[in-house]
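K.L.:
Chains B and U, in that order, give the protein sequences. Counting in this note's numbering, the first sequence runs from 28 upward without gaps. Counting in this note's numbering, the second sequence runs from 3 upward without gaps.
Quick caveat, the hints were computed from the structure, so don't treat them as lab data. Just so it is clear, CB atoms sit at the ideal spot from N, CA and C, and this is done for glycine as well. Be a bit skeptical, because a hint or two may be false.
[To be verified] Output of the computed footprint for chain U on chain B, the stretches with three or more beta carbons under 8 Å from beta carbons of chain U:
no. : region
1   : 50-64
2   : 102-110
[Claimed, not checked] With the Cβ distance kept under 10 Å, some of the chain U side facing chain B (calculated, not the full set):
no. : residue
3   : 107
4   : 123
5   : 141
6   : 145
7   : 150
8   : 156
9   : 209
10  : 214
11  : 228
12  : 232
13  : 253
14  : 265
15  : 267
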Amino acid sequence: MLSWSVTPEDEIDTQGIVKGAESGDMGIEGGVEIANFVEAVVKGTEEEITANRGILIGVLGPVKFVEVIATAAMFEQMVRIADGTGIALDDMTLGATEDLRDSLGLNEFSTAQHTFRKE
Amino acid sequence: MSAPKVLMTPDEGLYEAVKTHLSACEVSVDEKITEAHAIWLSRLRRPGTWWTGAERIAIAKTARAARDCPLCAAKKEALSPNSVTGEYAVPDDVKAILPHEIIELVCRAVTDVNRMTKSAIAAIEKVGLDHGHYVEALGLTVVTRNLDTFCRGLGLPFYDLSFDPVDGEPSRIKPVDAAMGEEFVPMIRSAVPEPPNDDLWDPKTVGNVYRALSYVPNAHRDTRLLAKVQYVDIDHLLDFKSNSRALARVQSEYVASRVSAINECFY
Numbered sequence: 028m029l030s031w032s033v034t035p036e037d038e039i040d041t042q043g044i045v046k047g048a049e050s051g052d053m054g055i056e057g058g059v060e061i062a063n064f065v066e067a068v069v070k071g072t073e074e075e076i077t078a079n080r081g082i083l084i085g086v087l088g089p090v091k092f093v094e095v096i097a098t099a100a101m102f103e104q105m106v107r108i109a110d111g112t113g114i115a116l117d118d119m120t121l122g123a124t125e126d127l128r129d130s131l132g133l134n135e136f137s138t139a140q141h142t143f144r145k146e
Numbered sequence: 003m004s005a006p007k008v009l010m011t012p013d014e015g016l017y018e019a020v021k022t023h024l025s026a027c028e029v030s031v032d033e034k035i036t037e038a039h040a041i042w043l044s045r046l047r048r049p050g051t052w053w054t055g056a057e058r059i060a061i062a063k064t065a066r067a068a069r070d071c072p073l074c075a076a077k078k079e080a081l082s083p084n085s086v087t088g089e090y091a092v093p094d095d096v097k098a099i100l101p102h103e104i105i106e107l108v109c110r111a112v113t114d115v116n117r118m119t120k121s122a123i124a125a126i127e128k129v130g131l132d133h134g135h136y137v138e139a140l141g142l143t144v145v146t147r148n149l150d151t152f153c154r155g156l157g158l159p160f161y162d163l164s165f166d167p168v169d170g171e172p173s174r175i176k177p178v179d180a181a182m183g184e185e186f187v188p189m190i191r192s193a194v195p196e197p198p199n200d201d202l203w204d205p206k207t208v209g210n211v212y213r214a215l216s217y218v219p220n221a222h223r224d225t226r227l228l229a230k231v232q233y234v235d236i237d238h239l240l241d242f243k244s245n246s247r248a249l250a251r252v253q254s255e256y257v258a259s260r261v262s263a264i265n266e267c268f269y
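If we strip away everything but chain U, and leave its shape as in the complex, we get (with noise of 0.2 Å):
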């Protein structure tokens, strides 16, 4: 199996700041939580494989104010959210960064998921932006909606976003074996995908939501590491017999589907 290129500790700054973040809850966070928190705003701030460092936190900054953005709010509760013009409530910096029609896919990513669809996708061609940068944006956008839901829900600020930004340029790296599908983006199809991505499921227990983000293989690295210290390690996400959580598998799939009906989310 190939190795990742993928940051696996935390920058050090970070990583004291988080736990003094968490520190200041009610309740005691699991340290494993602690530092999969602390590495991935490591590598937001780092180049992506199609974002700069500045313009990956840019997107988070931009997930976030999407939570109580106006026009999001009006576009949701529109007809169809395309009858609804106006600007975005996002900060200035952003704007300065970031093309109108990435912070409209965020945006519509964190408020109105329901109603997104392939063609509002495939728009971004226009402006000379490729699939990968919406898999990327939709990767920091879902992480960041994550983060700030774990705060809001103990009670604590949001994670401080106005870290500096790595320099350099992202890698715009496409898996060799990605194809576009009836999907909205490309995705790799194989069972065992191609070096140097072969480590990105188990092939006896791959599915649907592990490929979604695969076109930017590092997005789907995302998700792995949160989800094993958050849920379940999702190569074992089908195994109900081994539960190493204080919490029953029921109970965490009843939080899970939940979560998932109060979004109206089919899959």
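This is chain B alone, in the form it adopts within the complex (with noise of 0.2 Å):
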């Protein structure tokens, strides 16, 4: 979906999407903070949470935040719904992704056991 949301005018690195904040801001406006947010949320520590929200704050503003912070979240869902119900890739972006997954090592998480199957 990164790749599919890129307009013409941006060029974006997506070794970011694996990543994260050491492939800079990725072509992304507040790429980095983003990045380190998303981390504390996902897996850091309230004090890493605290810090990094209030760099992300000051970069975007408490509009963007709010989206940020509700979008981290609402992935947080979706990989379980994903993962928990064992649903396979659809055919159309199992093809238009190949050569994105190979690059970025997709291929070898675990959960490619069962998402990439052919339906």
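Dock chain one against chain two, each of which comes alone in its own frame, and use the hints as you go.
P.N.:
Right under this line is the structure:
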């Protein structure tokens, strides 16, 4: 979905999907701060969340910040729906993401076993 | 299109409680998110398709407790989750009303979902439960995870779950067009579900993630309710040109991609 959302004006480095902030801002406004905050929310401590929240609000402003945490929380839900039900990757997505999955090493994820199967 | 039997307005007391709760954070939260969270909490306390209101609240409490459960952490670290035994750190009132098998699946869905298996889910049939019990429990579990993460990210405590359940029995109605396939649970497979579930998705954009919870249609309706205010209306998921948010779509997708990658979710 990230690669499909890129406009012709954008130049993004999709390695940031797996490497996070160490890939820089990826050409996305607030990319580093978003990556750091999301990582803190998903697997960090309260202190890490607090520190990165303040930084992200400073960079994006409060409205966009709320949308970042709302989206992150929604995907804490969506990933568990996908892996908790064992759904396969849709045919359209399977074909369109072949190169991307290979370059990012996504095929090595343990969940690829059931998600990668052909429908 | 048939009108779904699902609550679309929040209980007044819960709505006020959510408003008060979210007003304590340092930023202003969109009213649509406030209302959607209050609607879901109002749905939580009512009888569902397979669980009573009290059982549904207990499932949400289990999903929350799994975050800090030592047994869950030990199972996640183990080569095989089944090699580690012990007591789940869930409240006593939860243990009193939920089958152990469901507590185990809810905990795995929260902390170790990458190792969920078809056979682990099918095991609930041995204790007289239907796949619908699991699908509804999973739906409640993942929304609890969503709302707890949202509150945590804002620097707030979690929503209070100590409200009273609404009395009544679950409907136990299965979609007539659901069937088991290679996935872990039965799903509606047709592009256009049979009534009264023909509101579930737009046949032009339906993907497997839409079908995932469709064995319990109201669990999918919960996802739709929250996705619309926290991400995008899932009927417009593939419409990358229109964007009603302050965040650019590429920023939203970067957040989504990072969360998925950190969780090692291939889908």
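K.L.:
Quick one: which hint numbers does this structure break? Sort them smallest to largest.
P.N.:
Of the numbered hints given earlier, the structure breaks none, since each of them holds.
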